[in-house]
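Listed in order, the protein sequences are those of chains Y and X.
For what it's worth, our numbering labels the leading residue of the first sequence as 1, then goes sequentially.
For what it's worth, our numbering labels the leading residue of the second sequence as 1, then goes sequentially.
Think of the hints as simulated: they come from the structure by calculation, not from any bench.
A few of these clues could be false.
As the list claims (entries may be wrong) - Ranges between beta-carbon positions, derived for each pair:
| no. | chain 1 | residue 1 | chain 2 | residue 2 | range |
| --- | --- | --- | --- | --- | --- |
| 1 | X | Pro31 | Y | Ala51 | 34 to 40 Å |
| 2 | X | Pro31 | Y | His37 | 39 to 45 Å |
| 3 | Y | Ala76 | X | Trp336 | 32 to 38 Å |
| 4 | Y | Trp65 | X | Arg334 | 33 to 39 Å |
| 5 | X | Trp336 | Y | Arg63 | 42 to 48 Å |
| 6 | X | Glu54 | Y | Arg63 | 51 to 57 Å |
| 7 | Y | Arg63 | X | Thr414 | 15 to 21 Å |
| 8 | Y | Ala51 | X | Pro269 | 45 to 51 Å |
Glycine residues also receive a C-beta, built at the ideal position from the N, C-alpha and C atoms.
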Amino acid sequence: MLRFSCPVCGLRDETEFTYGGDATLVRPAHDDTNADHWHDYVFLRDNPRGAHREYWHHVQGCRQWLVVERDTLTHAIGLVALARESRP
Amino acid sequence: MARYSVFSLAAKALGGHRSWSRAWRDPVPKPAYDVIIVGGGGHGLATAYYLAKEHGIRNVAVIEKGWLGGGNTGRNTTIVRSNYMMPGNTMFYERSVRLWEQLSQDLNFNVMFSQRGQFNLCHSPASLDAARRRGNIMRANGIDAEMLDRAEVMRRLPYIDYSERARFPILGAVFQARAGTARHDAVAWGFARAADRLGVDIIQQCEVTGFLRENGAVVGVETSRGPIRAGKVGLAVAGHSGHLAARAGLRLPIESHVLQAYVSEPLAPMIDTVISYGAAHFYISQSDKGGLVLGGDIDGYNTYAQRGGLPIVEHTLGSAVALIPSLSRLRVVRQWGGVMDMSMDGSPFISRTPIDGLYINGGWCYGGFKATPASGWCYAWTLAKDEPHPDNAEFTLDRFRHGYQIDEKGAGPTPNAH
Ligand SMILES: Cc1cc2nc3c(=O)[nH]c(=O)nc-3n(C[C@H](O)[C@H](O)[C@H](O)COP(=O)(O)OP(=O)(O)OC[C@H]3O[C@@H](n4cnc5c(N)ncnc54)[C@H](O)[C@@H]3O)c2cc1C
Ligand SMILES: [Zn+2]
Chain Y
1 MLRFSCPVCG LRDETEFTYG GDATLVRPAH DDTNADHWHD YVFLRDNPRG
51 AHREYWHHVQ GCRQWLVVER DTLTHAIGLV ALARESRP
Chain X
1 MARYSVFSLA AKALGGHRSW SRAWRDPVPK PAYDVIIVGG GGHGLATAYY
51 LAKEHGIRNV AVIEKGWLGG GNTGRNTTIV RSNYMMPGNT MFYERSVRLW
101 EQLSQDLNFN VMFSQRGQFN LCHSPASLDA ARRRGNIMRA NGIDAEMLDR
151 AEVMRRLPYI DYSERARFPI LGAVFQARAG TARHDAVAWG FARAADRLGV
201 DIIQQCEVTG FLRENGAVVG VETSRGPIRA GKVGLAVAGH SGHLAARAGL
251 RLPIESHVLQ AYVSEPLAPM IDTVISYGAA HFYISQSDKG GLVLGGDIDG
301 YNTYAQRGGL PIVEHTLGSA VALIPSLSRL RVVRQWGGVM DMSMDGSPFI
351 SRTPIDGLYI NGGWCYGGFK ATPASGWCYA WTLAKDEPHP DNAEFTLDRF
401 RHGYQIDEKG AGPTPNAH
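Bound-form chain X, shown alone:
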């Protein structure tokens, strides 16, 4: 498969774009692989790519029950940032942003990473103090963060309601200029194509239904297309970790919850950044096609249904109008939901499991899209070397046993509160 370049684009254009070859193969599963990754979302595909690229492990299959990017990779609001302050999270997410900055070149695929900046608005003196603390921790770790006062926020985001009637006052913001958005599908497609070129088999329409076991260890998977053996099996199934781990007899510190997203009809360029409205837990950006992309809270109860309920629609759209009253007559053209692993401390797992041969990547809560490159990179390291990289060393499945939680919000072991 040829490299994409301006020359290949011009040459194909002359031929009426009829001679493009497919971007990755559609192989028949082999009887055995060194590593099987379950789940063809961004994380699974990135893991396979870095296994091949960084560790020379190329006899790898990614097994996906649906189609690539049909899960949360293709359902999220695409916000990328590295403003985490708990040890264990901070440098992991910063590794991710650094990988994002090179990703289009690295994959030879335009993932449209746009560093348009992200504002976290502050609404009280206490939230300003908390933001300043977060910003200082970021800066102490070499990550960019700026405190903006109310006047500066008013200058940069003129369309927000700063009046006496505003639902919450805006006193300032902590701003990360290197944060932004990326094209979600392109991330799945780019990693898939790059992994395929290194020899990884990407097998779609193949559901993993159980595990092959020998002497307690996992030695492969049962699938809807028959059993496939593997030296190591790595889960990367996002909201389905609990369901699949149960097939191996594991209970996880995870509940599955649905998060919704909304896109409005397209507008002329208006919001050239990402805004998070802390008081209402609402976030908004504008896609390159012009639609506003909105998100809010999870629905709040266990679910595996990829659809959300109306109370959250009202909450999210109400937040949008409270923040930016000029949106009140805008129409929403699409709404959907994605099932996510909500973990007990709001932080993820990239780790071995108590079962030999079985590894887990999950528990991403609201925030796994931004993590995609670093998650794949660290998971590949963990699978290849059987030990974590320092950047994912804290993301163990058994951290709660040692009394350790990576809880950015201090919400405690209540998954729907993170």
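Here chain Y stands alone, though its shape is the one from the complex:
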């Protein structure tokens, strides 16, 4: 069981959250017509074995989107922050 320290709710179980994937991806600008940029954003991932910044939605808590630093090999959790307050 992963447990996250939600900045709003405190330490909570993984089962209250849904996963939102890689938080380092930067969405191309709306008027960007370069198909490669959109392809890379939608479909390609770094998928690192190690440090990973990822989104989790505290959907059964405060309903805030969080950015979590988690190691994909050890599952050790580092910083947890509100997504709206952190840059990708």
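With chain Y's structure known, arrange chain X with the ligands on it following the hints.
Leaving out everything else, chain X with the ligands in the frame of chain Y:
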């Protein structure tokens, strides 16, 4: 190395089984090969076997960082079926089932392929319609599929909960009689032994850590036992595709996720088929040793750790009891996890990469064990001829660039939803 037969078995038995020779060699890596396959799971070993057998390319090495079958080949729930309906998948998986049907004879190794059939249960009129559509597509392609109504499912699977209290009603099923299970380790061992007999070097305890490059092209691999050159390098590292491709500077349409499996204490024969419980995404069969083999969802977040968390244990075992209440007092004796490539459309890649000399076989998600023979067969073709066979022509790495997805579930580019 001698052929296995009833006579060799009898002769060795008389000698107290002391004179069996090893099943494959343990060679020292040569400085160079025509083809290097990275990953000694079922797919890598099958690829090497078919390269040698079908294409006469025998100067081949399979390089495995651990031991054969220590990856997902030896960790999966062994379900084999060909009930896919998207163009690109349908005939590929059917090729695989046809190869499975001959595999023990072909390899001279009993892979214990048991065509015990597979039920996909339907729980609503909509899921019955979807199952009928899938079944019709299969039949139109010459693949066996049968629609069973509720009464027939009740007759064949009497231990399921059909009462008013059942978590989901069971309205019927789509059934594939030629589906079944196989002995997972035997698949790795059988392909390894057969490939070795054709001259393939199988090198264990040797990790590929990077690639040798010349003018941009891949011309070999860096390993924990030194550099080895190759005309072509083919990745077949299952859940580690993303990690290894990054060493070549490639980003893939893949996330690595963990899937768990469970085995119960042995029971007398009870479940003589494979059952998939669509509503809860749960599947169950019984091994020849009597243990029930259970599986469910992936844990759902990126991971390379070969272990899963407790929420999925609860989900899977809860599904088991919801479907078959008589299992409620059964004990689970083993649980484990395997790291899988979850691709952006739930379908695999058997393809060239943008880098000359580097090829990829990956993105198998939940379903690569059944694919093992066809995957090896098609990957060998692709490596030998530098072009895909029609059966893997759609499994390209760049299909998303052309707006093409082979998405059986229609879940979109969300790897954990496939
Ligand atoms: C719990 C679970 C249940 C599953 N159930 C089913 C099922 O019922 N039916 C089905 O069809 N599929 C199932 N699958 C999927 C299936 O197991 C996989 O898709 C398939 O085994 C992958 O093929 P492989 O044989 O190439 O994998 P693996 O056996 O994992 O082979 C890859 C090998 O590459 C090696 N490797 C990795 N990195 C390196 C490196 N850098 N250098 C050298 N070697 C390296 C690994 O050690 C490993 O041995 C399941 C998977 C899991 C985890
Ligand atoms: Zn919260």
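Results for each hint:
About 36 Å separates the C-beta atoms of Pro31 of chain X and Ala51 of chain Y, a value consistent with the hinted range of 34 to 40 Å. For the pair Pro31 of chain X and His37 of chain Y, the supplied restraint of 39 to 45 Å holds, since their beta-carbon distance comes to about 43 Å. Evaluation of the 32 to 38 Å hint for Ala76 of chain Y and Trp336 of chain X yields a failure: the beta carbon distance comes to about 21 Å. Evaluation of the 33 to 39 Å hint for Trp65 of chain Y and Arg334 of chain X yields a pass: the beta carbon distance comes to about 37 Å.
As the Cβ distance of Trp336 of chain X to Arg63 of chain Y is approximately 35 Å, the hint placing it in 42 to 48 Å is violated. The hinted range of 51 to 57 Å is satisfied by Glu54 of chain X and Arg63 of chain Y, whose Cβ atoms lie roughly 56 Å apart. Taking 15 to 21 Å as the suggested C-beta distance range, the pair Arg63 of chain Y and Thr414 of chain X conforms, at roughly 20 Å. A beta carbon spacing of about 49 Å between Ala51 of chain Y and Pro269 of chain X agrees with the range 45 to 51 Å that was offered as a hint.
Violated hints for the displayed structure, listed by number in ascending order: 3, 5.
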